[in-house]
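Peer 1: Chains as they are written, first to last, in this note's numbering: chain A, 1 to 267; chain B, 1 to 328.
In short, the hints are calculated from the structure, not lab data. In this text, a Cβ means the ideal position worked out from N, Cα and C, and glycines have one as well. Please note: incorrect hints may appear among the correct ones.
What the hints assert, rightly or not - Derived contacts from chain B toward chain A, CB cut-off under 8 Å, selection only: (1) 47; (2) 48; (3) 106; (4) 114; (5) 189; (6) 262; (7) 265; (8) 270; (9) 273.
Said to hold, decoys possible - From the derived model, a few chain B residues whose C-beta atoms are all more than 12 Å from chain A: (10) 64; (11) 277; (12) 286; (13) 297.
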Amino acid sequence: MTSLFKVKNLSKSYGNGVKRNFALKDISLDFPINVSVGIVGESGSGKSTLARCLIGLLKPDSGSIVYKGSDVSSFNASDYRKFRQDVQMVFQDPYTSLNPRMRIQEIVGEGVKVFDLAKNKDELFAKTASILNQVGISEEMFSRYPRQFSGGQRQRISIARALAVGPKVLICDEPVSSLDVSIQAQILNLLRGLTKNLSLSMIFISHDLGVIRYVSDFIVVMQNGIVVETGFPEQIFEDPQNKYTKSLLHAVPVPDPRIQRPRYLLK
Amino acid sequence: MSQLPGPILRIENLSVAITPKHGRPIEIIDQIDLSVKTGERLAIVGESGSGKTVTAMAIMQLIDGASYRGKIEFNNENILMKSEKELNEIRGQKIAMTFQDSLSTLNPIMRIGEQITEVLTIRGIKKSIAKSKTLTLLAELGFKTPVDVFDQYPHQLSGGMRQRVMIAIALIAEPQILIADEPTTALDVGIQAQVMSMINLLATKKNLTVILISHDLGVVAGFADIVLVMYGGKIVERGNADDIFLRARHPYTKALLNSIPTVMRDRSILLPTIDGVTVDPTNRPVGCIFQDRCPVVQSLCKVEIPKEISEGANHRYSCFFPNLEDVV
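Whole structure, please, built from the sequences with the hints as guidance.
Peer 2: Given below as structure tokens:
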């Protein structure tokens, strides 16, 4: 079976000289097709850098990324165009990732135009409308600007923008970390439903282990630029092998005073 | 520690309204009351816009152009009646607050030591005394090399360290009450546990009263004695931590707790959500504040405001149709 992404010996550093700092250190990973892979780790673990390398926003220092059997670095212009249509991203901050001067139907429709997915204006509108409806934005809101929406609604619009071009892969970088739990639950359910109904592959990055457990079929734990453990959710959560995974699991606050209270007692 | 008769802080029937330049006053806090005893840890939880930060800011009277009704009694004196000069004797000295974002709250071009000692020197305390007090407090807050940190700038510290510096600034004048607004929000879970344990330890040692504001119910569960749940500027449920987390009665509290994807949760069961958006303060509904999003709403909820019902010593909630299922 071909994998979605095959990452081999990937390294990426920022800065140079003595200040050179490796965000990814010789990472090798296999992302299967039609699976939601959760990448979890603390800040500085390299999870966002990995996502940005996968989508081509960052150029790795060394190593290879193979997308569906072909090396990304060997892509010509038209391969690359197809790749960018296939792989879409949802960013962390719904307040800065939408253009404040564009109406949301223009934001969502832009990709459709760029990739020539609509023959005329009517088709463009129909496509945009159907995607926005799928994420729960109703028609009377289409000509509004991003500032007129709440954080949760904006994240829905970001998801609609990503879906509008008919991608195969959705890369989500902390898409719910700025949302309230009630709204977070809505977005997580939406993503779970969409990936299932559209048979999308998803790469989901989060620092929140609870969120990761809920959305992932497979989990990658990162620390300081390396992958410390991979496994199915049951393995990672019921029987973690790595010391760091265990400490991370133990540090997650649990909304039950009986469990959480003893954890805030310093020896 | 002097044992005060009654609560150290008591809020009675407090409403806070802000008046925009053009338009009518908007009520952002609606008739809340609460009381905290010396040494108690109170947590205020709720979604964005529920009024938790506003409640804290109201205690400090730091909201620009706000009008207050009701009473805020600190050590049995109504501080709403105090002059700005008298308030400055309380703010930062007797009631101190740490704000949400440590990077933007600290002065980037001022050394850490100076930012902490300033609180004391401004009141005429000698620099050398202020410095030795600061070094002691930094050590208490878990800094291994307080002398080095004293001369550093905020950008040289990690998020967890900056948060502890903020706590140092708040605690250096030995206040009676610490208000901590989302002290661990941007921190990794490991650091978060460290900061919360530190606040816990210091609060016990100094018999400090703490008001914690947080949207993270896990953090609250580990820290608070008493929890207030706010929605739309009202307290909808209150009680001991066990009451709130194990015996939640208000549908809003229950829904908040249910919507957390905890690490123990079975992922095959769909996560319950709270539909709709939070109440618009310019357009409050008649009747129960939570009616538009409530899963068990009835026609009664749309005409009448539910009165607070007591269950046990501290547990109270405002709902006609409470959830009666407990967590086992």
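Peer 1: It remains to establish, for every hint, whether it holds in the given structure.
Peer 2: Hints, verified against the model:
For the restraint placing residue 47/B at the interface with chain A, the shortest Cβ-Cβ distance is roughly 4 Å, inside the 8 Å limit, so the hint holds. Interface hint at residue 48/B: satisfied, since its Cβ lies 6 Å from the closest Cβ of chain A, which is below the 8 Å cut-off. The closest approach between the C-beta of residue 106/B and any C-beta of chain A is roughly 18 Å, which is over the 8 Å cut-off, so the hint fails. The beta carbon of residue 114/B comes no nearer than 27 Å to any beta carbon in chain A, farther than 8 Å, and the hint placing it at the interface is violated.
Given hint, residue 189/B at the interface with chain A, holds; its Cβ is 4 Å from that chain's nearest Cβ, closer than 8 Å. With its C-beta approaching chain A no nearer than about 5 Å, residue 262/B sits inside the 8 Å limit, and its interface hint holds. Evaluation of the residue 265/B hint against chain A yields a held restraint, the C-beta minimum of about 7 Å falling below 8 Å. Proximity of residue 270/B to chain A holds as hinted, the smallest CB-CB distance being about 6 Å (cut-off 8 Å).
Interface hint at residue 273/B: satisfied, since its Cβ lies 4 Å from the closest Cβ of chain A, which is below the 8 Å cut-off. At the 12 Å boundary, the C-beta of residue 64/B stays outside the reach of chain A, the nearest C-beta of that chain being 22 Å off. Not every beta carbon of chain A lies more than 12 Å from that of residue 277/B, the smallest distance being close to 6 Å; the non-interface claim is violated. With 12 Å as the threshold on Cβ separation, the claim that residue 286/B sits away from chain A holds: the shortest Cβ distance comes to roughly 23 Å.
Non-interface call for residue 297/B relative to chain A: holds, since the shortest CB-CB distance, roughly 16 Å, exceeds 12 Å.
Taken one by one, the earlier hints fail for this structure at numbers 3, 4, 11, listed in ascending order.
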